[in-house]
Amino acid sequence: MHLDHTHHGPAAVSADAHRPDGARRALRIGLGGPVGSGKTATVAALCRALREELSLAVVTNDIYTREDAEFLLREAVLPPERITAVETGACPHTAIRDDISANLEAVEDLEDAVGPLDLILVESGGDNLTATFSRGLVDAQIFVIDVAGGDDIPRKGGPGVTTADLLVVNKTDLAPYVGSDLAGMAADAKAQRAELPVILQSLRGDSGVSDVAAWVRGRLAAWTA
Amino acid sequence: MTRAALLVLADGRFPAGGHAHSGGAEAAVKAGRISSAADLEDFCRGRLHTAGLVAGALAAAAVLGLEPRELDAAADARTPSPALRATARRLGRQLLRAARTCWPCEELDLLAREFPKGAHQPVVLGLAARAAGLEPADAAHCAVYESVSGPATAAVRLLSLDPFDATGVLARLAPELDRVVDRAVAAARSVPDDGVDALPAGSGPLLEAGAEWHAAWPVRLFAS
Amino acid sequence: MDGVTAAGVRARARIVARGDGRGGTALPVLDGAGPLALRRVRARGDEARVMVVGAMSGPLGGDHLRLRAEVAEGARLHVGSAAATIALPGQHKGEARYDVELDVAGGAELNWLPEQLISADGSDLRVRTRAELAPGARLVLREEQVLGRAGEEPGRLTSRLTVRLAGRTLLDQELSCGPGAPGGWDGPAVLGGHRSLGQLIVVRPEFAEAPPAARSLGECAALMPLAGPAVLVSALAPDALRLRRLLDEALALLG
Chain A
1 MHLDHTHHGP
11 AAVSADAHRP
21 DGARRALRIG
31 LGGPVGSGKT
41 ATVAALCRAL
51 REELSLAVVT
61 NDIYTREDAE
71 FLLREAVLPP
81 ERITAVETGA
91 CPHTAIRDDI
101 SANLEAVEDL
111 EDAVGPLDLI
121 LVESGGDNLT
131 ATFSRGLVDA
141 QIFVIDVAGG
151 DDIPRKGGPG
161 VTTADLLVVN
171 KTDLAPYVGS
181 DLAGMAADAK
191 AQRAELPVIL
201 QSLRGDSGVS
211 DVAAWVRGRL
221 AAWTA
Chain B
1 MTRAALLVLA
11 DGRFPAGGHA
21 HSGGAEAAVK
31 AGRISSAADL
41 EDFCRGRLHT
51 AGLVAGALAA
61 AAVLGLEPRE
71 LDAAADARTP
81 SPALRATARR
91 LGRQLLRAAR
101 TCWPCEELDL
111 LAREFPKGAH
121 QPVVLGLAAR
131 AAGLEPADAA
141 HCAVYESVSG
151 PATAAVRLLS
161 LDPFDATGVL
171 ARLAPELDRV
181 VDRAVAAARS
191 VPDDGVDALP
201 AGSGPLLEAG
211 AEWHAAWPVR
221 LFAS
Chain C
1 MDGVTAAGVR
11 ARARIVARGD
21 GRGGTALPVL
31 DGAGPLALRR
41 VRARGDEARV
51 MVVGAMSGPL
61 GGDHLRLRAE
71 VAEGARLHVG
81 SAAATIALPG
91 QHKGEARYDV
101 ELDVAGGAEL
111 NWLPEQLISA
121 DGSDLRVRTR
131 AELAPGARLV
141 LREEQVLGRA
151 GEEPGRLTSR
161 LTVRLAGRTL
171 LDQELSCGPG
181 APGGWDGPAV
191 LGGHRSLGQL
201 IVVRPEFAEA
211 PPAARSLGEC
221 AALMPLAGPA
231 VLVSALAPDA
241 LRLRRLLDEA
251 LALLG
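These protein sequence lines map, in sequence, to chains A, B and C.
For reference, each letter of the first sequence is one residue, going 1 to 225 in the working numbering.
For reference, each letter of the second sequence is one residue, going 1 to 224 in the working numbering.
For reference, each letter of the third sequence is one residue, going 1 to 255 in the working numbering.
With the rest of the complex left out, here is chain A:
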């Protein structure tokens, strides 16, 4: 995806695809979705899947300071200098959508400190179904919901479900236990999203995060093309 370059001057502009030195900056992918849907687990799995082949870093946006960053640090999915937490003043959706300045500083500081980077994952704090990322912050966004949160979520829609570049329906292994209708969820998502892709995943299953990782690789190939 290429964004318009209508601005001049160094680094004042959020969405510019280049760094002040003219080099192409890292692809930024946002991960949003309701509390407990498995955003942090998906980020951790993506880091493990991609860290050998890509230079990557993570920015977390917590409701309470640093919880998700601490989890990623404990799990040691990346060296600590590649994980940054942004504090959001109890409003994670504001930090990813309405006032993205703190997140932009965080991604730029990561590129300065540990760059060059291929990919930065920006994880939102768990929020509601309306929380989406600003296009000034990320180049693509993944919305993560789970089967245990209710199989009517895809039908209810909302900006996250309908407009995210990728919808992930997580924890499919739990469907039999919570009485969720996976086929129905997939059909509802298809109806809401037309051509936009949907991936059903279980991080406990054999394929784990591999489908989402493949989608990320595809976005990265388009970004660097």
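If you're looking for bench data, these hints aren't it; they were derived computationally from the structure.
C-beta atoms are modelled at their ideal positions from N, C-alpha and C, and glycine is treated no differently.
Don't take every hint at face value.
[Unchecked claim] With a cut-off of at most 20 Å between alpha-carbon atoms, the simulated EDC-like pairs for lysine to aspartate or glutamate come out as follows:
{"id": "1", "chain 1": "B", "residue 1": "K117", "chain 2": "A", "residue 2": "D112"}
{"id": "2", "chain 1": "A", "residue 1": "K190", "chain 2": "A", "residue 2": "D211"}
{"id": "3", "chain 1": "B", "residue 1": "K117", "chain 2": "B", "residue 2": "E106"}
{"id": "4", "chain 1": "A", "residue 1": "K190", "chain 2": "A", "residue 2": "D152"}
{"id": "5", "chain 1": "B", "residue 1": "K30", "chain 2": "C", "residue 2": "E219"}
{"id": "6", "chain 1": "B", "residue 1": "K30", "chain 2": "C", "residue 2": "D186"}
{"id": "7", "chain 1": "B", "residue 1": "K117", "chain 2": "A", "residue 2": "D109"}
[To be verified] To be clear about the criterion: a stretch of chain C counts as covered by chain B if any three or more of its residues have a C-beta under 8 Å from a C-beta of chain B, and this derived list gives those stretches:
{"id": "8", "stretch": "138-147"}
{"id": "9", "stretch": "170-180"}
{"id": "10", "stretch": "184-191"}
{"id": "11", "stretch": "211-217"}
Let chain A serve as the given structure and place chains B and C on it in line with the hints.
Just chains B and C now, kept in the frame of chain A:
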């Protein structure tokens, strides 16, 4: 100039990072010093006459074209808490990003080059106001208002305070804000003759100690 | 002492310390009188010690006291006071002023550790403390303010403290409290009902290489590295005794 630019700059939705900061209110709430709208008013009044006055004077001085590096050093000397200095620079950097998009100019580009990790927020605010064609008193109003509006907004989230009560606090403080702005601008205007020592240096010991206490918490809602 | 005028007492005192050439510190000037009488007390090692002995109560309204200490290269000076200073209301109108000027040369050391300043009901005092340090100077400066004697309302007190190193301002802060002070001074952003407050500033050249880490000492006190080779300990306490204990403990933390 356009006076309406002041509304753009002072808007709580101006994307410069303020929403993640409580201006010391989170620490004061946890310490049990703010639990009502009356406490909030007392807190805001104290902040207004200390940190607010200093911020207003720095912002007004920056509009007057005084050397940003000197003003930034004066802000450092007036901010003993390293947590508050770091916050002021982080917010300054975020504000500069927004201001350069809104009012692009060579002076703001120069500031970004001189302070890659951010200058103190009131200094940036003054230069942003200058770039927008505003007056010293406009910048001081903006800085002084932010010194009380941040804690008021945060208190609504932290205490589930009635938002009408919290906004009422700000409205009642308005005449006092005007007087603080007058003092701030008068001090800024005396800097060319008397140096930066003429800037006010009021401090709130609980704001400083509270900021260090807050910065040491493992879990908190606000960045400061 | 300069004498008593219609407006109040004018008094000056001056201390000059310099190396005595034998590894100790000489006091070629020890000039004080009246409310600022000075006494030399027994030295400790190479450090000369001076005690400020208030021979009159004060400062009172309208008084203007000035105390100046100069510490030349290689000298070490310790200044204390025999008792707390009490600001009282006077017969004369207007505020009292108390100016302290400290000048420390490179390689010199000043330990400025007076007893508390007590702001009594009805008093009005403006304190101005300026410390001017050359590169390589060492300083420990303590200020303690007690707002009102036991069970008494405080007077009006404004205290500004400026510390400069090599011409650069390390610290500039003012506290204003008591009746007539700008609003909110006793509220949750400023004093929160505390009646004893203190500042301890420590300047050491080695802090340039290895600055101490910031340290919260509870919600009312903190040890704060400044933007330069210096640390400020700021503390509020319910009484003077607990305040002193807090500041002593913080100083011990610095080693």
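Hint-by-hint comparison with the structure:
1. B:K117 with A:D112: 12 Å, holds
2. A:K190 with A:D211: 17 Å, holds
3. B:K117 with B:E106: Holds: K117 (chain B) and E106 (chain B) sit about 18 Å apart, inside 20 Å.
4. A:K190 with A:D152: 13 Å, holds
5. B:K30 with C:E219: Measuring from Cα to Cα gives roughly 9 Å; hence the hint holds.
6. B:K30 with C:D186: Within the cut-off at roughly 18 Å; holds.
7. B:K117 with A:D109: 9 Å, holds
8. 138-147: Per the Cβ count (0), the hint is violated.
9. 170-180: holds (count 7)
10. 184-191: holds (count 7)
11. 211-217: holds (count 4)
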